[in-house]
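Enquirer: Listed below, chain by chain, are the residues.
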Amino acid sequence: MTATVEKAPTAGSRGSQPPVPEGATTITVKIRRFNPETDTEPCWESFDVPALPTDRVLNLLHYVKWYLDGTLTFRRSCAHGICGSDAMRINGVNRLACKVLVKDLLAGAGKHTTITVEPIKGLPVHKDLLVDMEPFFEAYRAVKPFLITSGNEPTRERIQSAADRERFDDTTKCILCAACTTSCPVFWSEQRYFGPAAIVNAHRFIFDSRDEGAEERLDILNDVDGVWRCRTTFNCTDACPRGIQVTKAIQEVKRALLFRRV
Amino acid sequence: MASTTASELGTGGAPAREGGSRGGGGTLYRGDLGMWTWVAHRITGVLTFFFLLVHVLDTALVRVSPNAYDKTIELYKNPLVNLMEVGLVGAVLYHALNGIRVMLVDFWSKGPKVQRAMFWVIAGIWLLVMVPGAYFMLARTISELFGGH
Numbered sequence: 001m002t003a004t005v006e007k008a009p010t011a012g013s014r015g016s017q018p019p020v021p022e023g024a025t026t027i028t029v030k031i032r033r034f035n036p037e038t039d040t041e042p043c044w045e046s047f048d049v050p051a052l053p054t055d056r057v058l059n060l061l062h063y064v065k066w067y068l069d070g071t072l073t074f075r076r077s078c079a080h081g082i083c084g085s086d087a088m089r090i091n092g093v094n095r096l097a098c099k100v101l102v103k104d105l106l107a108g109a110g111k112h113t114t115i116t117v118e119p120i121k122g123l124p125v126h127k128d129l130l131v132d133m134e135p136f137f138e139a140y141r142a143v144k145p146f147l148i149t150s151g152n153e154p155t156r157e158r159i160q161s162a163a164d165r166e167r168f169d170d171t172t173k174c175i176l177c178a179a180c181t182t183s184c185p186v187f188w189s190e191q192r193y194f195g196p197a198a199i200v201n202a203h204r205f206i207f208d209s210r211d212e213g214a215e216e217r218l219d220i221l222n223d224v225d226g227v228w229r230c231r232t233t234f235n236c237t238d239a240c241p242r243g244i245q246v247t248k249a250i251q252e253v254k255r256a257l258l259f260r261r262v
Numbered sequence: 001m002a003s004t005t006a007s008e009l010g011t012g013g014a015p016a017r018e019g020g021s022r023g024g025g026g027t028l029y030r031g032d033l034g035m036w037t038w039v040a041h042r043i044t045g046v047l048t049f050f051f052l053l054v055h056v057l058d059t060a061l062v063r064v065s066p067n068a069y070d071k072t073i074e075l076y077k078n079p080l081v082n083l084m085e086v087g088l089v090g091a092v093l094y095h096a097l098n099g100i101r102v103m104l105v106d107f108w109s110k111g112p113k114v115q116r117a118m119f120w121v122i123a124g125i126w127l128l129v130m131v132p133g134a135y136f137m138l139a140r141t142i143s144e145l146f147g148g149h
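The listed protein sequences correspond, in order, to chains A and B. Taking UniProt numbering, I'd label the letters of the first sequence as residues 1 to 262. Taking UniProt numbering, I'd label the letters of the second sequence as residues 1 to 149.
Calculated from the structure, these hints are not laboratory results. Where a beta carbon is used, it is the ideal one built from N, C-alpha and C, also for glycine. Incorrect hints may have been included.
[As the list claims (entries may be wrong)] Pair ranges (Cβ atoms, derived):
id, chain 1, residue 1, chain 2, residue 2, range
1, A, K30, B, L53, 52 to 60 Å
2, B, I43, A, L130, 29 to 37 Å
3, A, E134, B, A134, 30 to 38 Å
4, B, L83, A, G70, 58 to 66 Å
In isolation and in its complexed conformation, chain B is listed as follows (with noise of 0.2 Å):
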């Protein structure tokens, strides 16, 4: 994959030149939407490699020992773990459905003409999904939380 990062969008990326500056410190360029997806695309591509990294590893655990197991899932039964899952199923949903898009823009012919419309279609399938999804993965530890048994 390209070496370029979403951290290197503000600072001018240019390695010192001989006789130039690398005119660093510059404004943030303000780009196309298709630059904005792209940085989250790549924002999101990460943070699902944490979380699978982190999976990977705590399932593992199962084969090491099943009671260590069991005492990690259980440390994961608490509100804050359960916002970082809805943020986890936002961030994987934008990647996949993001993801298509691009395909589209790559291999159907008039993809790059139609990008922005694809953004937006993305976006409301992405609200449509994640309002009710939130919900219902929410529902229950706000309910834990504010006593609405």
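Chain A on its own, in the form it takes in the complex (with noise of 0.2 Å):
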């Protein structure tokens, strides 16, 4: 009895490429690769992919990863633009790759579309697309982004007025994607910059009516290395995937410093 034993494919593939569905054109994706155990210099490499122009830029990155090679890095998770793990540099910005479409980076007619995809900007790459978030989340922790109260638990619910909770709504849309902060060319430079994405989580607290801890924030962001670091590029306002208008929240926190008005 004779047994073949098939090729194993590579980890994370899955082997033989699926069918190319109609209506798909092909797409370079340019991808900058870091791998840690061999290279000591982030390069450039591309994949021919079949895309659709309702693929998502995840889509390519899946198929280069399943089908062409496995040993591509990168983080995602649900895939839907809620979790916020696939920020990625797509074509020069901050995008999530799961919410940015082909059809959108199509070149012109006849001409051929190649993608560019890079690691945010300004944290430490581990490998590929994936970087070391802990700086991010280190700033993130340090504007204490909970309910800050004095005195007894009320019995029941802290009431609060919809004009109240208007003030700080647009910064409860935060997924801590990094976007904004990786977009912002002060952090590029100066990582102890508490970020963008840090400020906005302050903001979400210190407008909040039933929070008492607004002072105390303001005297962590009230530095050098706090609000008065930004230099309203607004590419972290561009950046954003949630549509948070984040400089005009930095500038709300600088406003509530200088009048000390909250």
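Bring the two chains, given one by one in their own frames, into a single complex with the hints.
Expert: Below you can see the structure in the form of structure tokens.
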């Protein structure tokens, strides 16, 4: 009896390629890669991938990982723009790979499309598109992003008017994807800067009428590496996949500090 | 002021941390219009600083020796310096107008929302001043250079 041993697919790969769907065009995905075990510097690698205009960039990365090169490393979880794990630099700007459609990146009629994908900037790269998020979360934790109150717990819920809720509505949308912080030119060169995301999450509590820790948080952010580092380049507002007016929130914190009015 | 400079834009400025790559040599970040106005604000600021440095030095010369001062000012009367003067007016004007825009973004609650519109307004004012301004500043040099007497 003879048994043929099939060549095992490489780690993470799904083996043979699936049929190319009708209407697909071949797109070059140019990925900034880095393997800490073999490389000293990151380098570019290109893959030709069949893509539908309705595909998301995340689909192209899955195609590369599952059928072309199983060693490609990136984060993704929900793939629906909620978990905030697949922030990366797509064609030069920070976006969530699961929210960018191929049809919005297609080159003009007849021209070949190349999509560049890089890790977000300013955080240490572990491998390929995977960065160390710890400095980002460190800044987030430093602004005390939780309800601070004094006195006895109320027996009923803490009541808030619709107008009071409206004041910080925009900044409750943050999913901590780091697209804003790593789009900031100030953060790229000075990692001690708290960064837009931490300030957004401080804003969410500073302007909450139920919270009593506003003074404490304002003191933390009233620092050379706090809100005053912001140079209003608006890259963060442009990068936010949740449409938060990040720069506006930072400016509101600055004005709260200047005029001591919360 | 912040330690950021325009030259750090293209390269990942992150210092190498243990077990990570600094990820340098990637593409230029295609930032918002606000990022480019900030870059231009920095560049025009530095240019203006160097002008002021030279200007303080040459004006101080009049206290040392009026003769040397006259010679220095005579040195400036050439087409190249005339062109640099136009550049200086352009740089100072941009820096002043964008400075007002930045202040409005800082202190006016609607500022961040209309920052792009405010940029197009200052760009319009800049052109409106610079087109006739450059003409009058360069008219004499051009007529002398090309013999329009």
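Enquirer: With respect to the beta-carbon atoms only, verify the hint that L83/B and G70/A lie 58 to 66 Å apart.
Expert: Distance hint for L83/B, G70/A holds at roughly 59 Å.
Enquirer: Using the Cβ atoms, figure out if E134/A sits within 30 to 38 Å of A134/B.
Expert: Taking Cβ atoms as reference, E134/A and A134/B lie about 52 Å apart, which means the hint is violated.
Enquirer: Falls inside 29 to 37 Å, the C-beta gap from I43/B to L130/A?
Expert: holds, 35 Å
Enquirer: Between the beta carbons of K30/A and L53/B, is the distance compatible with 52 to 60 Å?
Expert: violated, 44 Å
Figure legend: structure checked against the earlier numbered hints; hints not met, in rising order: 1, 3.
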